[in-house]
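J.: Here this note's numbering is used: the first residue of the sequence shown is 50, the next is one more, and so on.
Simulated from the structure, these hints should not be mistaken for laboratory data.
C-beta atoms are modelled at their ideal positions from N, C-alpha and C, and glycine is treated no differently.
Treat each hint with caution, since some may be false.
Stated by the list, open to error - Cross-link-like lysine-lysine pairs, in silico, PhoX-like; alpha carbons within 25 angstroms at most: (1) K351 <-> K248; (2) K129 <-> K51; (3) K351 <-> K51.
As the list claims (entries may be wrong) - The calculated label-pair distances, taken between Cβ atoms and stated as ranges, are: (4) G147 <-> A255: 15 to 23 angstroms; (5) A266 <-> L330: 50 to 58 angstroms; (6) R258 <-> N136: 19 to 27 angstroms; (7) P333 <-> P263: 49 to 57 angstroms.
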Amino acid sequence: MKLILDLDTGIDDALALAYALALPQVELIGVGGCFGNVTRDRSVQNNLDLLALFGAPEVPVCPGADHPWGADGYRPGDFKYRVHGENGIGNVLLPAAGGRACETPAARFLVEAARRWGGELAVVATGPLTDLADAIRLDRAAMASVGAISVMGGALTVPGNRTPFAEANICDDPAAAKYVFESGLPVTMVGLDVTLQTKIVGADLARWRQVESPAAAALVGMSEYYYTNESETGEIGGAIHDPLALEAALCPGAFSVLPINLTVETEGPGRGRTIGDPALLGRPEKTTRVCVGVGAAAFVAKFCGAIADWLGRD
Numbered sequence: 050m051k052l053i054l055d056l057d058t059g060i061d062d063a064l065a066l067a068y069a070l071a072l073p074q075v076e077l078i079g080v081g082g083c084f085g086n087v088t089r090d091r092s093v094q095n096n097l098d099l100l101a102l103f104g105a106p107e108v109p110v111c112p113g114a115d116h117p118w119g120a121d122g123y124r125p126g127d128f129k130y131r132v133h134g135e136n137g138i139g140n141v142l143l144p145a146a147g148g149r150a151c152e153t154p155a156a157r158f159l160v161e162a163a164r165r166w167g168g169e170l171a172v173v174a175t176g177p178l179t180d181l182a183d184a185i186r187l188d189r190a191a192m193a194s195v196g197a198i199s200v201m202g203g204a205l206t207v208p209g210n211r212t213p214f215a216e217a218n219i220c221d222d223p224a225a226a227k228y229v230f231e232s233g234l235p236v237t238m239v240g241l242d243v244t245l246q247t248k249i250v251g252a253d254l255a256r257w258r259q260v261e262s263p264a265a266a267a268l269v270g271m272s273e274y275y276y277t278n279e280s281e282t283g284e285i286g287g288a289i290h291d292p293l294a295l296e297a298a299l300c301p302g303a304f305s306v307l308p309i310n311l312t313v314e315t316e317g318p319g320r321g322r323t324i325g326d327p328a329l330l331g332r333p334e335k336t337t338r339v340c341v342g343v344g345a346a347a348f349v350a351k352f353c354g355a356i357a358d359w360l361g362r363d
């Protein structure tokens with residue numbers, strides 16, 4: 050499978066990047082960097098540095114959106130800094146990559162890849178959906194030809210993590226998310242409904258700690274920071290958010306899903322809420338598959354084992 054990741058990197062984005070590189074069936078052909086957990090420029094630099102550290106500096110990194118639709122700027126809030134650190138990767142310091150980002154914007158890169166690869170391509174977006182929305186707006190037909198579109202975001206059957214109604218990625222750009230879900234393209238939503246079922250604990254990182262390499266040390270440092278601060282308890286533990294969106298693109302049969310036509314509230318106290326579109330309740334065709342169940346223990350074991358095996362390779 051040819052894969053493009055669109056990331057707001059972000060510790061769980063870094064884990065999704067590592068997971069993509071660890072899986073032999075995945076050919077990572079590009080990475081977008083957008084605003085969200087960090088600024089757009091920090092996201093791009095984190096992607097460059099991580100790819101160099103992970104031994105894949107040849108993968109193109111494309112600059113994505115630097116602010117939400119309808120805004121003229123963006124600044125991560127205290128919530129993001131607490132969970133991801135000042136630099137987005139748990140304040141772990143990485144060697145600066147020698148390469149530079151490509152000049153093609155992430156949305157244009159997505160469209161060009163879709164035109165070239167069509168059904169062979171999977172797109173996984175784990176930050177705000179701005180780049181994906183921009184790509185659909187550029188060439189809807191090309192993006193409709195993509196084999197799989199999976200997004201980490203939203204909360205349909207559980208409360209949000211930014212507000213009682215809204216998940217963080219959707220809340221960062223609800224207008225773009227609304228455009229994506231109402232575009233009619235088949236999209237798999239991997240939201241808090243299912244990511245909160247996949248819990249990682251400190252013992253799950255034991256094999257990573259045994260590997261003596263800069264990449265292993267960085268992943269352990271980031272994960273320990275994230276899974277201490279993400280849980281708000283001081284214990285190491287929390288949900289595997291972004292890598293699960295990649296898993297949904299690779300192994301859709303591993304999930305139980307609710308087919309539904311979604312929309313997103315963009316104003317008022319429910320801003321950022323993902324909810325069924327009342328105008329389309331009677332339409333038999335459903336364009337969004339909301340993941341509501343997964344074999345959580347099996348996925349945690351697969352994810353942690355794949356990363357450990359990859360880190361241990363010569």
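J.: To test your reading of the hints: which numbers does this structure violate?
T.: 2 and 4
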